[in-house]
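Guided by the hints, dock chains G, A and R onto chain H, whose structure is given.
For reference, the chains in residue letters:
Number of protein chains: 4
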Amino acid sequence: MKLTILIHCPDQSGIIRSVTTFIHQQEGNVVYLDQHVDKQAGVFFMRLQSEFEKEIVLDGFKTEFDATLAKEFNMEWDAYLEGYKPKMAIFVSKYNHCLYDLLSRFKSGELLVDIPFILSNHQDLAYVAEQFKIPFYHVPVTKETKENAEAEQLKLLKEHQVDFIVLARYMQIISPRLIDTYPQKIINIHHSFLPAFVGAKPYHAAFERGVKIIGATSHYVTEDLDAGPIIEQDVTAVSHSHSIKDFIAKGKDLERIVLSRAVQLHVARKTMVYNNKTVIFS
Amino acid sequence: MKLTILIHCPDQSGIIRSVTTFIHQQEGNVVYLDQHVDKQAGVFFMRLQSEFEKEIVLDGFKTEFDATLAKEFNMEWDAYLEGYKPKMAIFVSKYNHCLYDLLSRFKSGELLVDIPFILSNHQDLAYVAEQFKIPFYHVPVTKETKENAEAEQLKLLKEHQVDFIVLARYMQIISPRLIDTYPQKIINIHHSFLPAFVGAKPYHAAFERGVKIIGATSHYVTEDLDAGPIIEQDVTAVSHSHSIKDFIAKGKDLERIVLSRAVQLHVARKTMVYNNKTVIFS
Amino acid sequence: MKLTILIHCPDQSGIIRSVTTFIHQQEGNVVYLDQHVDKQAGVFFMRLQSEFEKEIVLDGFKTEFDATLAKEFNMEWDAYLEGYKPKMAIFVSKYNHCLYDLLSRFKSGELLVDIPFILSNHQDLAYVAEQFKIPFYHVPVTKETKENAEAEQLKLLKEHQVDFIVLARYMQIISPRLIDTYPQKIINIHHSFLPAFVGAKPYHAAFERGVKIIGATSHYVTEDLDAGPIIEQDVTAVSHSHSIKDFIAKGKDLERIVLSRAVQLHVARKTMVYNNKTVIFS
Amino acid sequence: MKLTILIHCPDQSGIIRSVTTFIHQQEGNVVYLDQHVDKQAGVFFMRLQSEFEKEIVLDGFKTEFDATLAKEFNMEWDAYLEGYKPKMAIFVSKYNHCLYDLLSRFKSGELLVDIPFILSNHQDLAYVAEQFKIPFYHVPVTKETKENAEAEQLKLLKEHQVDFIVLARYMQIISPRLIDTYPQKIINIHHSFLPAFVGAKPYHAAFERGVKIIGATSHYVTEDLDAGPIIEQDVTAVSHSHSIKDFIAKGKDLERIVLSRAVQLHVARKTMVYNNKTVIFS
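Chains as they are written, first to last, in the numbering used here: chain H, 1 to 282; chain G, 1001 to 1282; chain A, 2001 to 2282; chain R, 3001 to 3282.
Honestly, the hints are just simulated from the structure, not real lab data. Model, not experiment: these values are computed from the prediction. There's no promise every hint is true.
Distance condition first, Cα-Cα at most 27 Å in a straight line; then the derived DSS-like pairs of lysine-lysine [as the list claims (entries may be wrong)]: (1) H:K185 / H:K277; (2) G:K1087 / G:K1146; (3) A:K2277 / H:K250; (4) H:K2 / A:K2245; (5) R:K3039 / H:K54; (6) G:K1133 / R:K3039; (7) A:K2085 / A:K2039.
Derived, one-sided and incomplete: chain A residues facing chain G with beta-carbon distance under 7 Å [as the list claims (entries may be wrong)]: (8) S2013; (9) R2017; (10) T2020; (11) H2024; (12) L2033; (13) Q2035; (14) I2179.
Each residue gets a CB set at the ideal place from its N, CA and C atoms; glycine is no exception.
Chain H with its partners taken away, still in its complex shape (with noise of 0.2 Å):
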């Protein structure tokens, strides 16, 4: 069994020492280890992969762990086993190029997660849905049913027991609400460089302004407007000689991988988040 334990704490001296001997304790094999200090906020962080022969019992090896280790150290953590495919929903408004290439990517297993559904405030990428047979739920947002959806939203998330949710290109502003129910768990992709051209229509701004290079960010959803942590960004030159089409066409390319690659860190457990910033471990 393969085990990975994300940790966060107060830097200090004999974490890595402590941990690996931990592992070795409860008979299991260090395969991994990537660790990051933040010098300025004084702050560790680590990733640690371990395989074991015998079964693992994961509650009781948090319970271990806490009481051994993390409250010493005073450390945010978290383990995963290996095998668990995390529930993703998928929310789209009406471009398809994001949730296209996310559903080839999940029907040809290079993305290892369920899709319990897609939901979109339009019905046209119902057809998308269709053509993958995955649960599509059309819930319009307007003003007036703005509360409303909100409310169905989260019903059906919870009734979907979803991990994590991927703005695939879902142009509605998310509520607090929605946020802190799912805090560092909401991905959105950005169709700008951030943080240049926060807000509407970043193609547009981006040609206004003369940028020889356009580019796409993908982010942690916070309650701040294409101000949360950034996971991946990307970049393509342009020039003088593409219109602001061009911008659109090349930048849909950005889009999607971008946002694939921050989907697929995050589905790894690959990220951490502090300060409003993240580690990307390798």
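Then chains G, A and R, alone, in the frame of chain H:
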């Protein structure tokens, strides 16, 4: 003889045909032509190079072109004979990386300019000027002396008939008077991916925001700080494991290369400015 | 109506002037012109787009152009009216990532083609064709059946009046007969940065060599394996920490995007082939 | 005091725990740990940095480490105290761009080495050595003098106690004797994206092949030409519009940066070699 013509004018039918016919009548042969239409603005841009077997008198050519074509099509335009080395002044403060990069390209014959002088508000880089045997002027700038300093700068620029100025990490704000005297002839390097992180300490701001990519931007200087027409940009990946010091070190490599590319484009007359944006010819 | 003309011919004086004058005589307006001279080979290349207010009869235009210009300048050339959707056949084996990418772009209207059928030597991807409701032909290929399979392929291609073929990770070698029938009309994606790692298992070879960057290459198929004219290439960074499995996963993302870009360039008639190299217009 | 330890050994259980425990017993504090397992080869790699409040005697530490750990785990390893500046000899021929790049980084304090001398088979770059006041040795190499030249090189390297050699576009083949004396201590820059275009004139070969991307590769020199362990690679886009001269100019910028990065990685002791491949620590 080789002649380069740069034109922009209201978009209309027949420009390419008329210009190529004119070149033909002058017994020239078109060896390169690149054009661009900004459809939003309704403006036509063209860069054209032609070869002449006979000797061309630039002034005569210009008068003829003006009378025959420029008025009819309402062109803003200019023509340059191959071989003239523009006079480039370099302004620096204390960082030597961009200066060394420019001077080593100059020395190896990659950068076809004359460098009448290097100017700085500090003494620190006098030794580099000395290494390359280029005159160095120390013009200190304080609140009190700013106006005098400016006058001295203008005097030096005129005396040496400087064609354009490169701010190779010159950390002072350029005055409107200097900008007006050298419109679209002052090239700056800003150490961020503009328009993100305008102003001072962009690497610190980028670190604070937790971006995964940092950049550098070279642009023509206008009165709005860091908001002039962008000539060239480039980026490099960073991660949580990089400190601000690492950002700065990686950024220096970007600054070097982005500034050099922008200077090369300017010297090769491949840049045109319109509506605070650049057209960069191939 | 919008007309795109592609020309290559021996480099000589007066081509641009003559062609733009011809367009003018036909009451057209040049809206785009890009040209290139291969000085080594002495060949001139041009892509030109013009708009006509009156209706153009393509055949008549071509006859006129041939008589007036093409013979004089010894041109190889062709002209295309906007609006025609080329018929694109897709050949696949067992990998679905490139196929999904092409079909999702097709479905979203990004890729302006008709897709008469998908052909494979395996049954594995029939379900994808089914999802997108595109005819799927299973044509198995073994040593013994190779010739028959080829005949069947050619029959299908002719029946459906296919304009060009995309090998979306079709793992079979294409026969000279097929290549001769569709010269510069078969686009392949090779999963390496050619000319490095020609042939089978390039990711394994790249891993073995310890490269720090891997790539993908899209090219027109010629009789020399993986040696045809390159249309598009892209790369991504790898490190010692990546396994062959990681190389393959990262590579798939490259393959998708590089093949799609090449197909888009071909469809937009932005590619010309000469001396086993491509000119790619902007 | 800060100590860096580099280890590789057969992969086995308990290495991290044992080493971190040893550091603890020596009253050190682990401040950085990065490890990698090559599963195919069954080899474990680790780079570890620790801080000590007390003074460390390097020889004593090494003896202790050897006795306690290195034998048990069958380690190849070494340890370095912070502060030592390795002695770097630079070999050049006639191109100055890599030399200028290295020397300007050296001069600005970016590159923490001593440079006892620059050696060349030509006189051409003596002026650069002069500019930076570094001894310059002219050791001509012809078929007849090759053996003598080599002896002179070795003599100079020993006299100056050189730690490693940088071939900054030194166009001569290095003899086995020199390679054996400085194993994994000679860094070369090859002006192509290896393994494509091994040998002489790679830019010409790349131009001939019509590639859309060119590269540069820095590697440790082994007896097989251009086939040593790769430290760093980078690439840049090219197009049909670029001449061989353009390839060379763009390539120079790659060569500069790729060689500098490789040298920095070597100096920071972030490289390990195994099976003709490198592990590059973060």
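Each hint, compared with the structure:
| no. | hint | result |
| --- | --- | --- |
| 1 | H:K185 / H:K277 | holds (14 Å) |
| 2 | G:K1087 / G:K1146 | holds (25 Å) |
| 3 | A:K2277 / H:K250 | holds (25 Å) |
| 4 | H:K2 / A:K2245 | holds (18 Å) |
| 5 | R:K3039 / H:K54 | holds (22 Å) |
| 6 | G:K1133 / R:K3039 | violated (56 Å) |
| 7 | A:K2085 / A:K2039 | violated (34 Å) |
| 8 | S2013 | holds (5 Å) |
| 9 | R2017 | holds (4 Å) |
| 10 | T2020 | holds (4 Å) |
| 11 | H2024 | holds (6 Å) |
| 12 | L2033 | holds (6 Å) |
| 13 | Q2035 | holds (6 Å) |
| 14 | I2179 | violated (32 Å) |
In summary, the numbered hints that this structure violates are 6, 7 and 14.
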